[in-house]
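Here the protein sequences line up with chains C and U, keeping their order. Per the numbering used here, residue 1 is the first one in the first sequence, and the count goes up by one each step. Per the numbering used here, residue 1 is the first one in the second sequence, and the count goes up by one each step.
Wrong hints could be hidden among the right ones.
Stated by the list, open to error - Partial chain C-side listing against chain U, Cβ under 8 Å, derived:
(1) Ser42
(2) Ser45
(3) Lys100
(4) Thr105
It is worth saying that the hints were derived from the structure and are not from the lab. Beta carbons: idealized from backbone N, C-alpha and C, even for Gly.
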Amino acid sequence: ELKVEQNPLFLSMQEGKNYTIYCNYSTTSDRLYWYRQDPGKSLESLFVLLSNGAVKQEGRLMASLDTKARLSTLHITAAVHDLSATYFCAVAPFNFGNEKLTFGTGTRLTIIP
Amino acid sequence: DGGITQSPKYLFRKEGQNVTLSCEQNLNHDAMYWYRQDPGQGLRLIYYSQIVNDFQKGDIAEGYSVSREKKESFPLTVTSAQKNPTAFYLCASSRKGTGGYQETQYFGPGTRLLVL
Numbered sequence: 001e002l003k004v005e006q007n008p009l010f011l012s013m014q015e016g017k018n019y020t021i022y023c024n025y026s027t028t029s030d031r032l033y034w035y036r037q038d039p040g041k042s043l044e045s046l047f048v049l050l051s052n053g054a055v056k057q058e059g060r061l062m063a064s065l066d067t068k069a070r071l072s073t074l075h076i077t078a079a080v081h082d083l084s085a086t087y088f089c090a091v092a093p094f095n096f097g098n099e100k101l102t103f104g105t106g107t108r109l110t111i112i113p
Numbered sequence: 001d002g003g004i005t006q007s008p009k010y011l012f013r014k015e016g017q018n019v020t021l022s023c024e025q026n027l028n029h030d031a032m033y034w035y036r037q038d039p040g041q042g043l044r045l046i047y048y049s050q051i052v053n054d055f056q057k058g059d060i061a062e063g064y065s066v067s068r069e070k071k072e073s074f075p076l077t078v079t080s081a082q083k084n085p086t087a088f089y090l091c092a093s094s095r096k097g098t099g100g101y102q103e104t105q106y107f108g109p110g111t112r113l114l115v116l
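Here chain C stands alone, though its shape is the one from the complex (with noise of 0.2 Å):
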C-alpha cells in the first residue's frame, strides 16, 4: 500500500523567510504532483514532476523530486502573504494504467506579516 506523507502538518513562518515543505512515500514511483488549496476552496494544480531529478519552478515555489530517496521537496523563497493555503503532494504508483493517486494530508501553511 503506497503511503504519502508531509510534514510539517503546519508551518508558521514571517514573510520574506524561506522554507522548505517535504513529502516522502513509501514505494517505487515516478510520478509526483504539488496541489494547493485555500480554505473552503477547491484544489489548484501546482506542478506535476515526471522523472528523477525534476525540478520545476514557479514564481516563489520550487519542486524537486529524488525518487531514489523517495522525495519531493516544495521550497518557498521570500514567503509572502499570498502564499498562505494548505500544500498537498500526490503520487501515482509506478504500475502502468493504475491512475489512483495517493494524497498527502497536506501542510497548512500561514504567512505572518
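Starting from the known structure of chain C, arrange chain U on it as the hints suggest.
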C-alpha cells in the same frame, strides 16, 4: 471556458435518504475521479473512471455508487448505507499525456454535504 462544474454547492441529506452529486466537465478528459475530504484531512479516493461505461472502486467506495454513461458526466450517489457522509466532495478529471500516463488532475469547486 473549459472546466469542471459540480452541483449543488451545498447539499443536505436526511437520514435514510440517497442523494446524488453532479459532476460535469467540458475538457474532453477521459478520466474522472471522486474524492472525499474531511476537515483538516487530505483527499481520499471514492471511485474513478478511465473510460465511459467503466469505473473502479477507490479506497473508500462503501456506501457510494457512480455511473459513467457519458464522457462529460460522472455523478456520485451517496446512499443511506454511508453512515457518516458529512464531508467536502471533490470531482476531478484528467487526460492521458504523451507518455501514456494520466496528466495532472483538474478539480471542480466541490460540494459540501451535511446530514440533517
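Hints, verified against the model:
1. Ser42: Cβ of C/Ser42 sits 4 Å from chain U, so the hint holds.
2. Ser45: Interface hint status for C/Ser45: holds (4 Å vs cutoff 8 Å).
3. Lys100: At 6 Å from the nearest chain U Cβ, C/Lys100 passes the 8 Å test, so the hint holds.
4. Thr105: 5 Å, holds
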